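*Asks:* Build out the structure end to end from the sequences listed, making use of the hints.
What follows is each chain in one-letter form.
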Amino acid sequence: MNKKLLGFIPFLIFIFLCVFLYQGLFGNPRELQTGRIGQTMPSFVLPDLMDESKQWRDTDLKGDVYLLNVWGTWCPTCIAELGYLTELREHGVRIIGLYYEQAYDPDFGDQFDINALRNEVQNMLDRAGNPYQFNILDLDRTLALDLGVSGAPETFLVDANGTILLHHTGDINPRVWRAKFAPVMQELSE
Amino acid sequence: MRILTLLFLSILSFSAYSAQDEYEFANAERAATFKALTQELRCPKCQNQNIADSDAIVAKDLRDKVLMLVNEGKSKQEVIDYMIDRYGYFVHYQPPVTPATIVLWVLPVLIVIIGFGFIVFRQKKASKKQKWNAQDEEKLAQLIKQYQRQEHNS
Chain P
0 MNKKLLGFIP FLIFIFLCVF LYQGLFGNPR ELQTGRIGQT MPSFVLPDLM
50 DESKQWRDTD LKGDVYLLNV WGTWCPTCIA ELGYLTELRE HGVRIIGLYY
100 EQAYDPDFGD QFDINALRNE VQNMLDRAGN PYQFNILDLD RTLALDLGVS
150 GAPETFLVDA NGTILLHHTG DINPRVWRAK FAPVMQELSE
Chain C
0 MRILTLLFLS ILSFSAYSAQ DEYEFANAER AATFKALTQE LRCPKCQNQN
50 IADSDAIVAK DLRDKVLMLV NEGKSKQEVI DYMIDRYGYF VHYQPPVTPA
100 TIVLWVLPVL IVIIGFGFIV FRQKKASKKQ KWNAQDEEKL AQLIKQYQRQ
150 EHNS
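So the protein lines, in turn, are chains P and C. Residue 0 is where the first sequence starts when you use numbering that gives the first Met the number 0, and the numbers rise one by one after that. Residue 0 is where the second sequence starts when you use numbering that gives the first Met the number 0, and the numbers rise one by one after that.
Hints may be right or wrong, so weigh each one.
Stated by the list, open to error - Distance ranges between label pairs, derived from CB positions:
#: 1; chain 1: P; residue 1: Leu16; chain 2: C; residue 2: Ala133; range: 26 to 34 Å
#: 2; chain 1: C; residue 1: Pro98; chain 2: P; residue 2: Ser52; range: 47 to 55 Å
#: 3; chain 1: P; residue 1: Cys17; chain 2: C; residue 2: Phe115; range: 32 to 40 Å
#: 4; chain 1: C; residue 1: Asn70; chain 2: P; residue 2: Phe133; range: 31 to 39 Å
#: 5; chain 1: C; residue 1: Asp52; chain 2: P; residue 2: Asn1; range: 47 to 55 Å
#: 6; chain 1: P; residue 1: Leu20; chain 2: C; residue 2: Ala133; range: 52 to 60 Å
Hints were generated in silico from the structure; no laboratory data involved. Computed from a prediction, not measured in an experiment: that's the story for all the values here. Think of the CB as a built atom: it goes at the ideal place given N, C-alpha and C, for glycine as much as any other residue.
*Replies:* Right, dumping it as structure tokens:
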């Protein structure tokens with residue numbers, strides 16, 4: 000009896016390994032990056048994308064729950080999610096854009112044309128929908144680095160006190176919204 | 000032949016020069032810290048590359064930030080903490096000991112202990128199985144005596 004039981008152990012280990020490795024196939028390795036959750040929004044002073052005379056500070060954003068959406072016109076997924084984000088805006092979600100410019104790099108002496116970028120952004124938003132209250136231009140990606148942004152699109156859910164509650168990597172679609180954002184928004188509105 | 004050697008040497012020295020020219024440091028210690036950090040920090044975008052290796056834009060930003068912090072005189076651990084603060088434990092190739100990762104340290108030790116335990120247990124069981132009584136003892140003594148006599152005779 001005892002020996003039979005012992006004989007089963009390698010089989011059990013094998014089954015355990017199979018289950019462990021199988022579920023690993025469906026894990027999303029990008030969901031691990033959550034450095035800033037539970038902390039307050041890092042302080043910043045950055046210009047508005049459309050009007051450089053306007054400066055935004057972290058303190059300007061406080062007072063309301065908002066989504067900070069990191070995006071760029073160079074990023075196809077960001078453009079794909081504009082439509083759904085616009086829908087969310089129509090349902091009263093406050094969305095602020097953080098423009099992530101990837102072509103700009105002073106080390107390579109790139110010619111950066113802010114007017115061309117503004118035109119491009121305006122065209123894009125006219126075509127695909129404009130979910131943003133306003134856009135913050137993070138040309139040197141300093142705020143992006145402080146937030147632990149690795150690319151675009153990424154979205155943060157920030158409460159009225161400026162505490163970061165969620166950090167989502169990838170696009171926002173109805174499924175992600177229902178599973179991840181809606182429960183937290185529900186809790187905040189209660 | 001001599002000209003060829005000269006040409007070869009000049010090419011060599013040129014490439015050596017351009018390779019070390021990329022970043023500037025106040026002292027060799029900072030250069031070493033920077034090199035170690037860019038190899039230990041993991042690119043959050045290209046997940047199986049370190050930031051020295053990756054061409055992703057975020058890897059370049061992280062390299063620039065590491066360079067800045069190192070040139071400010073920050074220690075290696077301070078830079079690592081700075082990055083973990085933003086990108087999570089994920090960004091460092093050496094995971095810290097936490098309740099979630101403790102299994103990485105405990106499991107190998109546990110397997111060795113269990114393995115040795117199993118060997119000892121089996122040996123004890125095997126030795127118990129052998130029945131050895133006075134009769135066997137007598138037979139053994141007899142056999143020894145017999146062979147000893149044979150040796151004496153020969």
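*Asks:* The structure should be examined with respect to each hint, and the outcome stated for every one.
*Replies:* Hint check results:
Roughly 52 Å separates the CB atoms of leucine 16/P and alanine 133/C, a value that falls outside the hinted 26 to 34 Å. Our hint of 47 to 55 Å for proline 98/C and serine 52/P holds, since their Cβ atoms are close to 51 Å apart. As the Cβ distance of cysteine 17/P to phenylalanine 115/C is approximately 27 Å, the hint placing it in 32 to 40 Å is violated. The hint said 31 to 39 Å for the Cβ distance between asparagine 70/C and phenylalanine 133/P, and at roughly 35 Å that hint holds.
For aspartate 52/C and asparagine 1/P, the Cβ-Cβ distance of about 53 Å falls inside the hinted range of 47 to 55 Å, so the restraint holds. Between leucine 20/P and alanine 133/C the Cβ separation comes to about 58 Å, which falls inside the hinted range of 52 to 60 Å.
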